[in-house]
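> Just so you know, the protein sequences line up as chains A and B, in that order.
One point on numbering: in this note's numbering, the residue at position 48 of the first sequence is 48, and numbering is uninterrupted.
One point on numbering: in this note's numbering, the residue at position 197 of the second sequence is 448, and numbering is uninterrupted.
Incorrect hints may appear among the rest.
With a Cα cut of at most 25 Å, we get these calculated DMTMM-like pairs of lysine to aspartate or glutamate [stated by the list, open to error]: (1) A:K136 x B:E659; (2) B:K590 x B:E607; (3) A:K136 x A:D119; (4) A:K50 x B:E626; (5) B:K639 x A:D52.
So, partial list: chain A residues that the calculated Cβ filter (under 7 Å) puts toward chain B [what the hints assert, rightly or not]: (6) G92; (7) V93; (8) E105.
Pair by pair, the computed Cβ-Cβ distance ranges are [what the hints assert, rightly or not]: (9) B:Q581 x A:I178: 51 to 57 Å; (10) B:N584 x A:I178: 41 to 47 Å; (11) A:Y86 x B:K357: 56 to 62 Å; (12) B:E662 x A:K194: 24 to 30 Å; (13) B:N627 x A:S147: 18 to 24 Å; (14) B:N584 x A:L234: 55 to 61 Å.
No lab work stands behind these hints, which were simulated from the structure alone.
As the structure is a prediction and not an experimental result, all values here were calculated from the model.
The beta-carbon is built from N, C-alpha and C at its ideal position, and this holds for glycine as well.
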Amino acid sequence: MITIKNLHASVDGKEILKGINLDIKAGEIHAIMGPNGSGKSTLSSVLAGKDDYEVTEGEVQFNGKNLLDMDAEDRAREGLFLAFQYPVEIPGVSNINFLKTAVNEIREYHGLTPMEGKDFLAMVKEKQKLVELDGKLTNRSVNEGFSGGEKKRNEIFQMAMLNPKLAILDETDSGLDIDALKIVANGVNTLKTKDNAFVVITHYQRLLDYIVPDFVHILYKGKIVKSGGKELALELEAKGYDEVKAKFENQ
Amino acid sequence: MIAEKSHTAQYIIEKISPSAGKVAFMNDTVLSKALLFLEKNGMPSNKYEDYKYCNVDAILKKEFKNIEQKFNQQVSVDAFKIADTYTLVMLNGHFSSTLSDTISEKGLHLSALSNMPELAKTKLGSIANVESDAFIAMNTAFSADGLYIKIDKNTVLSKPIFILHITAALSECFVNSRVLIDLEEGASASIYEEQILIGESKAFTNYLSEKFIGRNAKLNTCLIQSQSQLGYSVNTSQVALQADAHYDNTTITLNGQLVRNNHNVELLGENAQAHLNGLFTANGTSLIDNHTLMDHRVPHCESNELYKGIINHKGIGVFNGKIFVRKDAQKTNAYQSSKNILLSDDATVNAKPQLEIYANDVKCSHGTSTGKIDENAMFYLNARGIGKESAKKMLLSSFAQEVILKIENPELQEKIDQAFTNQI
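Let the hints inform the model, and build the full structure from the sequences given.
Shown next, in the form of structure tokens:
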């Protein structure tokens, strides 16, 4: 699905990612954990194509294509999805209109005709049930006046609508109460197939009780310092990041 | 600033003044004052503080030779109509009864200014002071005709009125157009206006409206300016509110080579409220200039202003908002906000709040911001597969909605939303 090789990235001349290597196959869920400032959000932004970051070294292959050569919109059209840590509020643009534009621009990219209005609405109805998103919210402006939990559920709702090949969830669990967390996790588990993959970026192990990863990676100081199975998350939860910090401080 | 007599003054007096003094409906004293003012001061150049960014003199000097034109060609107005409104058509400043709807509604009086009731003539020029601005003077001296709308005491209009102002230019011309709106105590009305330009020539439109809003009366207005890049216009709206009166206006400027709007509101009775909103797009080399004056003369009044601009290419946007709180106008609430988005490096905006407060117990605030399209929002849309162009349109539309949503009529809102989307 995606192969990241020796990825280095800087912002304002400061190197944040210092050689990331990661290989993710279809049907897998990977968790990336790490303390604050380790580069978790930078990694997701770089993959999604945010302009603020400069890739100084390395390459990323996404389904055989050079991801780093593409604009953000083309990455999304190729099937990459980023669930934002801080979803942006866009007053005056309805969620529905926003999603319709997104769905149809992605379809156009793949040479498909725009979706029929009634099919689109049927899909909206079905997918919003998945994340228990109030129908009123889909008619409101994008994220405007949404609570923290509603914003995160809206991210998962968008993911369901766009049906990506690879979804990166950037700290989707931060600040969520347990009910909202379960809803988000249930959304992901329902959407998971053998043909797509998920990267769950999180600070806390708690989410991984509900979204069970195949692999866990620990990111520290811009590098993946340790990889393992789901038990690594439990280990991390028990011992905290201090041990990791101490061990890899000088690397 | 000391007035400096310009070439244009000379030009007006020599070339055009033969047609002046023929404004039969105008009070003689007002008319002679207007001519005297023009003769003495001429048209404002950019040496005048009020027209610093808006050099109308330079344009008037070289381009516009004829005042008013007869326009006898067929005009179709259907495409501009708004559902469930009375359409009235002004053609080069003349009220066209053939193109307008026939209206019979109790308490509503409509006529050309030239046919207005004798008693009402004292109102003409009573709030638009000919000695305050050359364009008011010019309009007073040269108006061919105009429209008179009066709404009787406690009459609530059953439908909004839509005035379509057509400037039809067969060759470069200068049109003076005028409307007087008079709402008696407790009357309530919505009056929408649109300015369009037809013909292949440049035209200068000098439009003046005087709005009298009586005690406890409510006037809701919207002006859509959709002249083409051939259009040059100065629009003065002079508004007087009595106690407990409400005035809401939204000015939407979609294009025009030069558009100067002077919106002057006098709050004359306690508990009056005025809201001015504006949205404009300046593309190419357009100059869009909104000057507002909120004159709080008495206590307990409220005013709000929200102006938003999107400036592209080499366009120029100007907002000058003057709030005047007189010594007696205690407990005034006056707010003003101007926000602009610049889409290119050559686009400029001059935003200037001007607060003059002589009372000591008031709440006044102003804010102005100018920036580019929000990059985080742009990335958010791109990350959902929405391309740069669509995303830009979405974000500009989002920016504009705050103003568009203030328009009460859904049909009008839709019309403006469409026109705006086509423009960005």
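> Which numbered hints are broken by the structure, listed smallest first?
Number 12 only.
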